[in-house]
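Visitor: Each residue of the sequence shown is one higher than the one before, starting from 130 at the first, in the working numbering.
No lab work stands behind these hints, which were simulated from the structure alone.
Don't take each hint at face value.
[What the hints assert, rightly or not] Straight-line Cα separation of at most 35 Å, DSBU-like style, residue types lysine-lysine; simulated pairs: (1) K139 <-> K161; (2) K385 <-> K457; (3) K148 <-> K161; (4) K142 <-> K462; (5) K402 <-> K335; (6) K167 <-> K402.
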Amino acid sequence: MAHSYTPGLKVLKSTEILKERRLPLKGQLECKTGDSVKPDDIVAKTDLPGNVQMINVANQLNIDASDIENYMIKAAGESINKDDLMAETKGLFGFFKSSVFSPVDGTIESISNVTGQVVLRESPIPVEVDAYVKGEIHDIIPDEGVVIKTNGVFIQGIFGIGGESRGRIKTIVDDRNTEITAEMITDDEKGNIIIGGNFIGLEGFKKAINCEVAGIVVGGFNYYDLDEILGYTLGVAITGSEEIITSLIVTEGYGKIQMSQQTFDLLKSHDGKFASVNGATQIRAGVIRPEIIIPINKSAVSGEQSKETLGMMVGSLVRVIRSPNFGKIGTVKLLPSELRKMESETLVRTASVEIDGDTFEIPRSNLEVVETD
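Work out the full structure, taking the sequences as your base and the hints as a guide.
Guide: Okay, structure coming up:
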């Protein structure tokens, strides 16, 4: 059967998920293969080297660089606290001394009798990596991290902001075509991951942040509202490091677009269950999509695991990612092998897609596969 490779999104109700949890540099692991872990459990930790402070002691004391060690109170390798005396001249009869104090807590890394500079290394910065999802340790990456295996629901979005978060799924709309308004969000939603329909506006998102909502999953969002939320223009499509309480995952695209029926029904069926979400997005080489993971018991997982997608084929479920029909989902009916001429006079490969009972001929580059199970 003819098929065409087209990147797509996953909407899986039952699959095996492997999550790699890795330290930024080598450190210490807190678990072993086979251990059961919860989302907040620390699985690895390390210390990042502190920032470096350069202090021109010779200049401040008005001495020759070659004489610096004669005036140092602390030696290389010694720890020092903020405002501790680091170097001092003898003065005249004990008076009129010049002194240099440490600007930070840290360690004296080196003293140069050539430049007269003292290098201070600030205290190490502790880094801990948690499990993020409930599961078990599937594999160990020596001194670096672990791979966690869990079984459950796996849904990818189009775009997101905010990093990793977790909470209970709470559907606050009746259908997938309903907008989340500020009035729908109350203090009772603190720590929850709320599921909406087609849109959430700026006021609604601000209310969610004030109520300390863990995450929002919704069909569409206004791109220009991101400036107000983040305080800057999002120029590069790499997100996840934003310092906001509430992670946002957009499943369909920018604007008011109803969430796909399959995604909405799947999330609603797991209302009240604990989930992990991550708004991190990278739309370039090494694509990263925002995700929702809902662990379920192994007994609830069907024995048939999701199959690896081979690309676009006849019968594939696809989403249109360009106007017209932007955001709509349909089924591929035909993949013509010959090139077709579009209105722009360009020759492209197309797909015949059935959407709401009508068939459209759409360039394959304007489609993405929705992987389901």
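Visitor: Evaluate each hint against the coordinates.
Guide: Hints, verified against the model:
1. K139 <-> K161: Status holds; Cα separation ~30 Å.
2. K385 <-> K457: holds, 12 Å
3. K148 <-> K161: The hint holds at about 15 Å.
4. K142 <-> K462: This hinted pair holds, its Cα atoms lying about 24 Å apart.
5. K402 <-> K335: holds, 25 Å
6. K167 <-> K402: Given pair K167, K402 holds - Cα atoms ~14 Å apart, limit 35 Å.
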